[in-house]
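Given only the sequences and the hints, what does the whole structure look like? Please build it.
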Amino acid sequence: MKDENVIVCRCSDVTLKELKDLIDEGYHTFEEIKRLTRIGMGPCQGKTCGQIVLRELSRATGKPITELDFQTNRPPIVGVKLDLIAEEAKKDD
Amino acid sequence: MTKTADVVIIGAGISGCSIAYNLAKKGVKNVVVIDRSYVSSGSTGRCGAGVRMQWGTETNCKLAKQSIEFYENANEILEYNRDVTFYQGGYLLLATTDKEMDQFKKNVKLQNSLDIPSRMVSIEEAKEIVPHLNTDELLGAAFCQKDGFLDPFLTTDAYYKAAKRLGVEFMTYTEVTGIKREGNKITEVMTNKGSIITGTLVNAAGGYSKNVCEMVGIDLPVYSERHQILVTEPIEHVQGPMVMSFSKNIYCQQNPKGPFIMGRGDDREPRDLRITSSWEFLEEMAKTVTSILPPVGNLRVIRQWAGLYNITPDKQPVYGTAEGLDNFYLAVGFSGHGFMFGPLTGIVIAEMITKSKPTIDVSLLGIDRFEKGNLILEPSVV
Ligand SMILES: Cc1cc2nc3c(=O)[nH]c(=O)nc-3n(C[C@H](O)[C@H](O)[C@H](O)COP(=O)(O)OP(=O)(O)OC[C@H]3O[C@@H](n4cnc5c(N)ncnc54)[C@H](O)[C@@H]3O)c2cc1C
Ligand code: FES
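If you're matching them up, the sequences are chains A and B in order.
Just so we're aligned, residue -3 is where the first sequence starts under this note's numbering, counting upward by one.
Just so we're aligned, residue 44 is where the second sequence starts under this note's numbering, counting upward by one.
Hints in this document: simulated from the structure, not taken from any laboratory.
Here the structure is a predicted model, which is why all the values come from computation and not from measurement.
Some hints could be false.
Stated by the list, open to error - Just a sample of chain B residues kept apart from chain A, beta carbon distances all over 10 Å, derived:
hint: 1; residue: Asn155
hint: 2; residue: Asp158
hint: 3; residue: Gly283
hint: 4; residue: Pro356
hint: 5; residue: Asp357
hint: 6; residue: Asp369
hint: 7; residue: Lys398
hint: 8; residue: Gly416
Stated by the list, open to error - With a straight-line Cα cutoff of 25 Å, these simulated DMTMM-like cross-link-like pairs (lysine to aspartate or glutamate) come out:
hint: 9; chain 1: A; residue 1: Lys86; chain 2: B; residue 2: Glu171
hint: 10; chain 1: B; residue 1: Lys228; chain 2: B; residue 2: Glu268
hint: 11; chain 1: B; residue 1: Lys207; chain 2: A; residue 2: Asp20
hint: 12; chain 1: A; residue 1: Lys86; chain 2: B; residue 2: Glu122
hint: 13; chain 1: B; residue 1: Lys189; chain 2: B; residue 2: Glu122
hint: 14; chain 1: A; residue 1: Lys16; chain 2: B; residue 2: Glu257
hint: 15; chain 1: B; residue 1: Lys330; chain 2: A; residue 2: Asp88
hint: 16; chain 1: B; residue 1: Lys207; chain 2: A; residue 2: Glu27
hint: 17; chain 1: B; residue 1: Lys204; chain 2: B; residue 2: Glu225
As the list claims (entries may be wrong) - Quick list of the computed label-pair ranges, beta carbon to beta carbon:
hint: 18; chain 1: A; residue 1: Arg6; chain 2: B; residue 2: Val281; range: 20 to 30 Å
hint: 19; chain 1: B; residue 1: Ser399; chain 2: A; residue 2: Ile61; range: 24 to 34 Å
hint: 20; chain 1: A; residue 1: Arg6; chain 2: B; residue 2: Ile166; range: 35 to 45 Å
hint: 21; chain 1: A; residue 1: His24; chain 2: B; residue 2: Lys152; range: 47 to 57 Å
Just so it is clear, CB atoms sit at the ideal spot from N, CA and C, and this is done for glycine as well.
Here it is in C-alpha cells:
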C-alpha cells in the first residue's frame, strides 16, 4: 500500500505520508509532530498511534524507541461530560 | 565557541518568528533566533489562537485589523507548504450588563470609523447566529464576521520556514543564560551552547520576559500567570463564531473539524511560572459553559492544558527599546492577546530596528508609559 493510503492516526486522520514528510523536513520530536498534525490529540489520546510515530522516528533518527520522548499525559485520562463536572461542582458550592 | 550576529532574538514563538521573518525580508542579514525548546513550545503553542478586530482603542483596532488581513493571506505571502487554517466564523461578544452594552456601542463606533465591519446585534439575531445560546441574561451583543481563529502551531511554522528560507538561523533547544552589557549597549548573549556577540538583541521571551530583563538588570513591570484551556470530543459543526463574555469570564469556540475549545481567566491565580492543570478550572469552566451554551454540557472533555499570560499593568503589550539600552528591544507583555497581534509585532519591531517609517504609530506602547503614568485603558480584555 502507498504511504498516502496508510492511516497512522485514525482519530485525527493522518497518513503515513504526512508523517514521513514531516520527519524528512527535520521535525524529530513527538511534540512537534503532534502539534503540526494533531497526531495523538484525538479521543484516544495517542494510545493507538503513538507507538507508530515513535517507530518511524526511531527508524529515521537511528535512536532506540526507549530514548525518544512520548507526549505529556494530559488530564483527564478518560473523557468526562461537562454537565457531570458542573453538577458535581454545584454540590460543593 | 563564540559566534557573531547582527540581531539575536530570544524566543521562537509567534512574536520571535514574525520579527525574524520581517527583519530578513527587510534585508537584515545574520539574524539568529534562540529558543530553549522547539518552535511554538511557549504560550504560542498553547493558546486559543483566536483573533478579533473588536477592540476598544484605536491602536489595538489597527494592530488587530492589519494582523488579521495578513493572516487572511498568510499561506500565499509566506509561501507555506501546509495551511495555517484560518477560519473566519466571527466573534460574538455578549453584553449582560448595561455597562457592557454602552461600551460595545462605543467600541463598534470606533471600529466602524477604522473600517472594521463590526455591528451591534439584537438578542434575536444573536440567537440566530448561535442557536444554542442561552439568552436569559443577555441584553445584546456585538459581532464581527472577520474575526476567527487559526492553528497557532502551523501559523508559527509558516513564519519559521519563511524566515529560514531568507537565511535566518534558528538555535532551538538552546537556553539563554546571561547577557553582557557595556554602558547603554548589549554586547553579548550567553547560552548553554556558547556565546554570541551581537549588534542588537530582542526580548520576545513570552512568559519569561521578566527573567530575560533581569539578566541585564532591568526590572520589567510585568508578571506571568497561568491560564487554562480545554478541548472536548468532536461533534458536527454547530457553532459558527467564537462566543465570548467579559463579565461571565468565558470564551468558547468550535473548531470546524468538531471539537469545542474553551477557556477563562482566574483572578486568584498566583503570579508564577507554573503551567500545570487544575481540577478547579475544570469545575468553573463546566459551570460557566453549561449555563451560557447548555448543549455543550453533553460533550466529554478530552484534554486540558495551560500556558502563561505575560501581563502588564494596563494589559497592553510593550513595544520598543528598554530604558537606557538603545540596542535592546522588547516585544513582551501581550497579556493574553499576543497571537492576534503577531504579524504586526514583527512589522513594527523590524521597522524600529531598521529605523524605517512605521506602518502604525505604536509610540504609546513604549515602556516609559508606566513611569509617566500614561496607561492605556483598553476596556475589552478577558
Ligand atoms: C490558554 C491561553 C489562551 C490564549 N488565547 C489567545 C487567543 O485566543 N488569542 C491571542 O491572540 N492570544 C492568546 N493567548 C496569548 C498568546 O498565547 C501569547 O500572547 C503569545 O503566544 C505570545 O507569543 P510570544 O512569541 O511573545 O511568546 P511565547 O510563545 O511564549 O514564546 C516565547 C519563547 O521564548 C522562549 N524562551 C524564554 N526564555 C528563554 C531563554 N532564557 N532562553 C531561550 N529561550 C527562551 C520560550 O521557550 C518560548 O518558546 C493565549 C494564551 C494562553 C496561555
Ligand atoms: S489514533 Fe491518534 S489520537 Fe487516536
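Results for each hint:
Chain A leaves Asn155(B) outside its interface by the beta-carbon criterion, the shortest separation being 36 Å against a cut-off of 10 Å. No beta-carbon of chain A is positioned within 10 Å of the beta-carbon of Asp158(B); the least distance is around 34 Å. The non-interface label for Gly283(B) is consistent with chain A: the shortest C-beta to C-beta separation is roughly 20 Å, beyond 10 Å. At the 10 Å boundary, the C-beta of Pro356(B) stays outside the reach of chain A, the nearest C-beta of that chain being 32 Å off.
The claim that Asp357(B) is not at the interface with chain A holds, since no C-beta of that chain comes within 10 Å of its own (minimum 32 Å). The beta carbon of Asp369(B) is kept farther than 10 Å from every beta carbon of chain A, the shortest such distance being approximately 36 Å. Listed as outside the interface, Lys398(B) is consistent with that label: its C-beta sits roughly 35 Å from the nearest C-beta of chain A, beyond the 10 Å cut-off. Annotated as non-interface, Gly416(B) keeps its C-beta farther than 10 Å from every C-beta of chain A; the closest such distance is 41 Å.
Between Lys86(A) and Glu171(B) the CA atoms are separated by roughly 30 Å; this puts the pair beyond 25 Å, and the hint is violated. Of the supplied pair hints, the one linking Lys228(B) and Glu268(B) is violated, its CA atoms being roughly 30 Å apart against a limit of 25 Å. Proximity of Lys207(B) to Asp20(A) is assessed by CA-CA distance (about 16 Å); at most 25 Å being required, the pair is judged to hold. A threshold of 25 Å between alpha carbons decides the hint, and for Lys86(A) with Glu122(B) the separation of about 50 Å lies outside it, so the pair is violated.
The straight-line distance between the Cα atoms of Lys189(B) and Glu122(B) is roughly 22 Å, inside the 25 Å bound, and the hint therefore holds. Between Lys16(A) and Glu257(B) the alpha-carbon distance is near 42 Å, which puts this suggested pair outside the 25 Å criterion. For a cut-off of 25 Å, the pair hint linking Lys330(B) to Asp88(A) stands: about 12 Å separates their Cα positions. Under the criterion of a C-alpha separation no larger than 25 Å, the hint pairing Lys207(B) with Glu27(A) is consistent with the structure, at around 21 Å.
Distance check on the hinted pair: Lys204(B) and Glu225(B) sit about 34 Å apart at the alpha-carbon level, beyond 25 Å; violated. Distance hint for Arg6(A) and Val281(B): a CB-CB separation of about 23 Å, consistent with the stated range 20 to 30 Å. Checking the proposed 24 to 34 Å range against Ser399(B) and Ile61(A) shows it is violated: the Cβ atoms sit about 50 Å from each other. Checked against the hint of 35 to 45 Å, the pair Arg6(A) and Ile166(B) passes, with Cβ atoms roughly 42 Å apart.
At about 51 Å, the CB distance of His24(A) to Lys152(B) agrees with the hint of 47 to 57 Å.
The structure fails hints 9, 10, 12, 14, 17, 19 (numbered hints given earlier, in ascending order).
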